[in-house]
Amino acid sequence: MLNRLSVKQVKNGLKEKRFSSLEVTKACLDAIRKTDEKLHSFVTVSEEEALRDAKNADEKISKGEDAPLQGIPLAIKDNFLTKGIRTTASSKILDEFMPTYDATVVLKLKDAGMVILGKTNMDAWAHGSSTETSDYGATRNPWDISKLPGGSSGGSAAAVAAHQTIAAIGSETAGSIRQPASWCGVVGLKPTYGRVSRYGIVAMGSSLDSAGPITKTVEDSALILSVLAGKDPKDATTSPLKLKLKIESDIKGLRIGVSPQYFINGIDPEVESGVKNAVKTFKELGAEIKELELFDPNYAIDVYTIIQRSEVSSNLARYDGIRFGKDRSYFGEEAKRRIMLGTYALSSGYYDQYYNKAQKVRAIIIEDFRKAFEKVDVIIAPTSPSLPLPVGSTKDSSMFGELADVLVEPSSIAGLSGINIPVGFSSSGLPIGAQIIGPQFQENAILGFAKSFEENTQNAAWRKNEPSFTEVSKGKPNL
Amino acid sequence: MKINVKNVARLANLPVSIDEEKKFEKQLEETLTYIENLNEVDTTEVKPADNVTGLTNITREDIVEPSLSQEEALRNTKSTHRGFFKVKGILDAK
Amino acid sequence: MKYEAVIGLEVHVELKTKSKMFCSCTADYFGKEPNTHTCPVCLGLPGALPVPNRTAIEWCIMIGLALNCEIPLYSKFDRKNYFYPDLAKGYQISQYDEPFCKKGSIELSNGKKIGLTRVHMEEDTGKLLHETIGDEKVTLIDFNRSGVPLVEIVTEPHFKSSEDVVEYLKKLQQIVRYLGVSNADMERGDMRLEPNISLRPVGSSDLPKYKVEIKNINSFKFVSKAIEYELNRQEEILEKGETPAQETRGFVEASNSTVSQRTKEEASDYRYFPDPDIPPFRWTADYIEELKKQIPELPHVKVARFKKDYSLNDYDSEILTRDNALSSYFEKSVEIGSKKGILPKQIANALINKAVDPENVSPEELVEQITVSNQTTSLSDDDLNRIINNVLKQNKKAVEDYKKGKENAIMFLVGQVMRQFPEKIDADKVKASLLAKIK
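Chains as they are written, first to last, in this note's numbering: chain G, 24 to 502; chain R, 826 to 919; chain X, 8 to 446.
Hint data in this document are derived by calculation from the structure and do not stem from the laboratory. Just so you know, not all the hints are guaranteed correct.
Said to hold, decoys possible - In silico EDC-like cross-links for lysine to aspartate or glutamate, where the CA-CA straight-line distance does not exceed 16 Å: (1) X:K232 to X:D276; (2) X:K83 to X:D104; (3) R:K851 to G:E356; (4) X:K23 to R:E896; (5) X:K178 to X:E114; (6) R:K831 to X:D276; (7) R:K903 to G:E356; (8) G:K106 to R:E897; (9) R:K872 to G:E356; (10) R:K847 to G:E357; (11) X:K39 to R:E896.
Given these sequences and hints, build the entire structure.
Dropping the structure here:
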C-alpha cells in the first residue's frame, strides 16, 4: 500500500529507511497494472526507466545524498517532452515521436531525484476538459468510471486519485489542472503564468500555458512547486521573481473575496453548497469574507476562445510531418476545429474584430482582478460549475470545454495563480472542488489558505472516501 | 456570419473533406455566434494586453552552444537523403 | 506616352552574430554538412521556445541609426504565419507593426534622398535543394540556416532609375560593413534584394495600381539588368493600353530576363499576431544614445573629413573610404608619415595607384618606401638634369638613332645615366626625363 502515500510520507519513509524507493515504485507500477485497464490514465508506462531511477535513488539515499524529490515516483502528462520516452500529447501525429531533449520541468524533476513512472493521458494536444478527446481513448474517473475525469490533465488527476502514483505533473491553459483535480478530488495547482518554464511542453495557448503539480496534499503541491518554479533562460516569459517558500496556514484576519458572478446560472446545487460550506469553514478559521463584484466570467469564454484558438492555429503549424510526426491529415476533429477558428480569427480583415478585441477585453479582466486584490487576499469560487459529467458528454459539442471551464478561464486569462482543493462529495459520491485564486506570483498565499482548510478538515468523514473504480451511477457501487 | 471554410482550410494547410467542410462551417459559425457578445464590452479606451507578466527586454547573450548531431536532428523522420530532410518535389514558386 | 519608373527595394541583410537569432546554434552555417547546426528551437521541435539574441537586436537598431531612422521606444516580435517546407515552425518570427526602426533615409551622390520605410529584425529560413533521385523529383531541406538573424531594410518607392538603385545598394552594403554587423556578400546570400517595380506616366504623382516584385537577384550587375528588362516589359504592356499583372517574377541570369512566379491574387494571408513567447521591448532614450555612441564614423562623414583634414579630392576620398580597413590603413600611414614630412596625398596616391598591397605591406613599410623614393628624387632632380645633359652630349648617335625610330636606343641612354649614380635610382623617372629632353 506504499502507493497510497503522499510525497511527504514517502520522503519521510525513505529517510527513516522504512522502505526503499524501489518498493514504492513497484507498488505504484502494481497499482497501474491492476487499475489502468479500467481507468486508462497512462499513455505510456515507463517501467524500465522507473525501476532504474528507483535503484539510482536508493543508491543515492544510502550514500546520504539528499534531493527534494529523491526516489519519489511521479507521473508526467504526455505533453511534456521526455528524452528517450515517447511523447505524444495524446495525438496520433506524435505516435512515434521520441524526443531528443527534456522539457525544463522534466530536467528539474530529474535533478530533484524523481522516479518517472510514465506519461499520462490527456485530451489530444490538451484541447479539452474531458480527456476523452485523446487519440488513445478516454480516461475514466476513478470515483465512478462512467464519468469523465475532466481534462486536459485528466490522466494525471485520475492517476493521483487512484493512487497509481505518488503525485503527478499537469499543465493548464485554462482549467486543465484545476478542473480535473476538482472532478477527481485531488489538489491541483496552476501556478502564475511565468512561474514555471514552458520550454519543452507541447505548446497550446502560449500566452496562457502553465505547468503545475497534481497531488494528494497541499504540502506536496508546495514542495513540487518549489522544484518547478524559477526563471528559465530557455523561456523568455518566465519571471525572475523568487517563490516565497513559507506557507502560512494561519489565515486569521485575512480577506476572502466571494463573487456572486461565479455561482453562475445552472451551477450544480451540490457544488454550490459544497463550496459555500468551505467558505463557512474559512470564516470559522478567522478569515473575513467579503462579497466581491467581478467582471462577468462569461466574457472570459469569448476572450479565451479567440486567443487560445489563434495561438493554437500558429502553434500547431509545425506539425507538417517533415521533421517529425505524421502529416496534418492525422489531426483529430477537435484540433482541426481549433486550428480553423484561430486561422479565421487572425485572417486578413478579422484581426481587429477578434484577436485585438479579445486582447482588449483581456486587459479589462486583468485590471478587474488587480482592483479586486486591493480589497481581498484571495478569491474563492467553485472550480467547475458541475459534478463530473458522463463519458460521452463532449460528442459534437464544440464549446464543451469552454463551458466546463467558465470559472477558471478568467484567472487563466489574467495569468493568476489558482489551486483546486477537494471540499467534499456529492450524494452520488462524486468529488466537489473549490478553487482559491490569488494574485500573480503569490502562490504562497493560496497554498496557505488551502493548507489551512486541509488541516482543519483532516478528520471530516468525507476524507475517508475511497475511489470505487466502478460505474457507480449505473448502480454498481462497491462501497 | 459566413465562413469560407475551404479558404480557411487552405490557409491552415489542413486537408478537409466535403463532409467535414459542412460540419465545420456549421460548428465554426456556432462558435462565432457564441462569442459575439464580446461586442457588448466597451473597449474604446482600452489598450490590448501584451504580456501578462509585465516582463520586457528579455534577451540572451550571443553565445554559441552545441547543436544536435545530424543523426539526432533526423531521428524522428524516415524521409531523409544524404543528411537532408526529404519531401516530394515542390515547384520553387516561393 | 512617356513613363517614369517607380521602384522600391526590400533588402535582407544576414547578420554575422556568433549564434542564431533565437537559439544558441552557431550562425556560421555556410558550406557546412546539412542539418548539423540545428537544435529544438531552429528545427521547430515541439515545445521549443525562442529567446532573442541581444547582439542581433542591437545591431539591427544600429543599422537603423546609421540609416537615420527613428527608433521607437516600444517594439515587439510578431509571428508571420505561412507554410513552406523550409519554414520549420510554420511561422517566421518577424516584426509587423512595431519594427525596431522606422522612417530613415539615405542620400545619393546626386543629392536625391531615398526614404526608408522601416528596418526590422527577423529570422532566416532553411535551404531547399531541388533534385531528381532516380525518376522521382524531390526537395531536400537543410535547416542549418534556419533561424540565422536577418535585418530587412525597406525603402519607399523613391527610385527612378537602376543607377540610383545600384548606388543605394552599394551605400547600404558599405554601411553595414562599416558597422561590422554583416559581410553583406551578395554571392553568399548575406545580402539579398527584391526590387518592386512599376511605371507611371511622367507628371503623375499617384502610385501605380500594380507592382511587380523581382526575386533571385544575387549581384549588383543583375539588379540593373533585371530592372532594365522589367521597365521595358512593362512599358510595352502599358503601350498596348493594358496594365501589367501584380505578381512576383524571378530573374533568369541566362537570358537577363524575368519570368512570372506567382500572381498576387493567390498571395498568402500571413495572419500576423504578436509572438506570445517573446515579451515586448521598451527602450529608454539613454539606451538608444548608448547604441548611437557605438556607431563608428560612417562613410559619408569620413569622406567629408578626408577632404577637409587631408586636403584630398572627391575621387581620392571616395576610394579610400570604400572600406573601413583601407581607410584605417590610410590614416595610420598618414600619422606615421606626418613625422617624416610625407604628405597625405602621397600616401593616397600610393594606395590608389595600387603601388602597395595593404595586405602585405604595413603602414610603417609604406611610409619607408615613400621616404626612400622621395630622397632619391629630391636629391637628384638637379643632379639628374646635369648628368642627362652630359650623357646626351656624349651620345649624340644614340639620340639620333632613337629619333629615327630605334626604340631600344633609349634604354641604352637610360643605362648610361644610371651608371653615373652610385645608388639605384628610378629607371622610369630617368627614362621620362630623357624623353622630355629629346622631344
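How the hints compare with the structure:
A distance of roughly 31 Å separates the Cα atoms of K232 of chain X and D276 of chain X; the hinted pair therefore is violated under the 16 Å criterion. Pair hint K83 of chain X plus D104 of chain X holds up; C-alpha atoms about 9 Å apart against a cutoff of 16 Å. Taking the CA atoms of K851 of chain R and E356 of chain G, the gap is about 14 Å. The hint holds against a cut of 16 Å. Between the alpha carbons of K23 of chain X and E896 of chain R the distance comes to roughly 27 Å, so the proposed pair goes past 16 Å and is violated.
Among the hinted pairs, K178 of chain X with E114 of chain X is consistent with the structure: their alpha-carbon atoms are about 9 Å apart, no more than 16 Å. This hinted pair checks out: K831 of chain R and D276 of chain X have alpha carbons roughly 14 Å apart, not beyond 16 Å. For the hint pairing K903 of chain R with E356 of chain G, the CA-to-CA distance comes to about 26 Å; that exceeds 16 Å, so the pair is violated. Restraint check for K106 of chain G and E897 of chain R: satisfied, since their Cα atoms lie roughly 11 Å apart, inside the 16 Å limit.
Between K872 of chain R and E356 of chain G, the direct Cα distance comes to roughly 35 Å. Violation of the 16 Å bound is thereby established for this hinted pair. As the CA atoms of K847 of chain R and E357 of chain G are separated by approximately 15 Å, the hinted pair is consistent with the 16 Å bound. With a CA separation close to 15 Å, the supplied pair K39 of chain X and E896 of chain R stays within the 16 Å bound.
Of the numbered hints given earlier, the model fails hints 1, 4, 7, 9; all others are met.
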